[in-house]
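Engineer: Listed below, chain by chain, are the residues.
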Amino acid sequence: MSGWEGFRLAADRDVLAVVLGTAVGLIARVLLLRSDYRQYPAYPHGRLIHLSLGLIAGALGALAVPALMAEEYTAITFLSLAAQQFREVRSMERNALRAVDGQELVPRGDSYIEGIAVAFEGRNYVVMLASFFVSLLCVWLGLWAGLAAGAAVLPATRLLMRGRRVGDIADISFAPVRVDEAGVYVGDIYMMNVGLPEDRELIMRSGIGIVLAPKNDDARVTLAHGGQRQAILYDLSTRLGVMRDEGEPALVPLAKLELATGRVGVLALAREQDRDKALDAVRNVPLLEAAVRHPVRANRKGKERSD
Amino acid sequence: MGKIIAVVTARREEVTGGGAPVFAAGSPEAAERLALELEKVLDCAASRIGDHHFVLVERTPPVR
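Quick note, the sequences are listed as chains A and B, same order. Counting from 1, one number per residue, gives the positions in the first sequence under my numbering. Counting from 1, one number per residue, gives the positions in the second sequence under my numbering.
Hints may contain errors.
Said to hold, decoys possible - In silico EDC-like cross-links for lysine to aspartate or glutamate, where the CA-CA straight-line distance does not exceed 20 Å:
#	chain 1	residue 1	chain 2	residue 2
1	A	256	B	58
2	A	215	A	188
3	B	3	A	246
4	B	3	B	43
5	B	40	A	245
6	A	256	A	181
7	B	40	A	246
8	B	40	A	248
9	A	277	A	168
10	B	40	A	201
11	B	3	A	248
12	B	40	A	198
No lab work stands behind these hints, which were simulated from the structure alone. Remember, predicted model here, so these are calculated numbers, not experimental data.
Work the whole structure out from these sequences, hints included.
Structural biologist: Listed below in structure tokens is the structure:
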């Protein structure tokens, strides 16, 4: 039997399913691996690591189906091995981001880092599920069903992993930055005491004031979370550039809560004074898993209602 | 919580107690200049207290 004949014999549905499933998994990982304004993972090595892991995840998901069909039930234990690997991905991401966070002019904050790390772990499971699904349909109904499943699954993964954004839970608007004596305000929210006229002038000149009004009681709790506010400051500073240096604590971007209403005032010193970009930046900040709470739902059995 | 690292005042008699060094200036303008210089040297934000005093406050890292 020549090698070519062996290949043709092997190229039955199982092999097709594994190859197709793995390919769809890898493509899903590429689609989920975005280097956007947050510039992560911007590093070539970071990309390589995540693409390789995506390939492994896809292969494992795709292999599971033919293994089950062949009644090789022990093969399923490989999946738990994969889960172990992907948990390591999470701590790898966490450590890497935390290591560089101290040197950022505006840090991401631990909550944001945790959110990113969890997302990186989660994406691998999505890849695994996608390739499992494609492989299943390919074995069950044939190549074309597998291809169709792949075409359906790819947009679905993007949709599944999108997550909610700050714009979904808060009304975002501009507010003037003003100075009253030594106090700096955004709209009527008190931000901080700035003692020196030089600093006040700089804040008046390049400060951008944004007010976030929570849309309901749940949103109020989420916006009050310190990690969520730090994430807003980080994204805003990254998009617009930040007018600040080490050892200039008077120029630190701030997000303060107006206790009576739950509104959040954001003051950032931006290099680029573009209002549309600023609003867009705040609107698109991801809601951190650590910050999202649903007290209204939890209290629904009682008398409390969302306003 | 903030910690007062230094105090700059144009009215020496209104500041008592210890804990942080007090810099006395002859006029509000001189106090302002002193506070600016100290802000740069100490990497601390100068806050104005009343009309004649500045405190230089070291802040613990913000809530994350």
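Engineer: Each of the hints needs a verdict: does it hold here or not?
Structural biologist: Now for the hints, and whether the structure bears them out:
For the given pair, residue 256/A sits about 19 Å from residue 58/B by alpha-carbon distance, which is consistent with the 20 Å threshold. Taking the CA atoms of residue 215/A and residue 188/A, the gap is near 19 Å; set against the 20 Å cutoff, the hint holds. Proposed proximity of residue 3/B and residue 246/A is supported: the alpha carbons are some 19 Å apart, at most 20 Å. At most 20 Å may separate the alpha-carbon atoms for a hinted pair to count; residue 3/B and residue 43/B meet this at roughly 13 Å.
Annotation: proposed proximity of residue 40/B to residue 245/A holds, straight-line Cα distance about 11 Å (limit 20 Å). Proximity of residue 256/A to residue 181/A is assessed by CA-CA distance (about 19 Å); at most 20 Å being required, the pair is judged to hold. Only pairs whose Cα atoms come within 20 Å are accepted, and residue 40/B paired with residue 246/A is accepted, the gap being roughly 10 Å. As the CA atoms of residue 40/B and residue 248/A are separated by approximately 7 Å, the hinted pair is consistent with the 20 Å bound.
With a CA separation close to 17 Å, the supplied pair residue 277/A and residue 168/A stays within the 20 Å bound. Simply put, residue 40/B and residue 201/A have alpha-carbon atoms about 17 Å apart, close enough for the 20 Å limit, and the pair holds. Distance check on the hinted pair: residue 3/B and residue 248/A sit about 16 Å apart at the alpha-carbon level, within 20 Å; holds. The suggested pairing of residue 40/B with residue 198/A holds, with an alpha-carbon distance near 12 Å, which does not exceed 20 Å.
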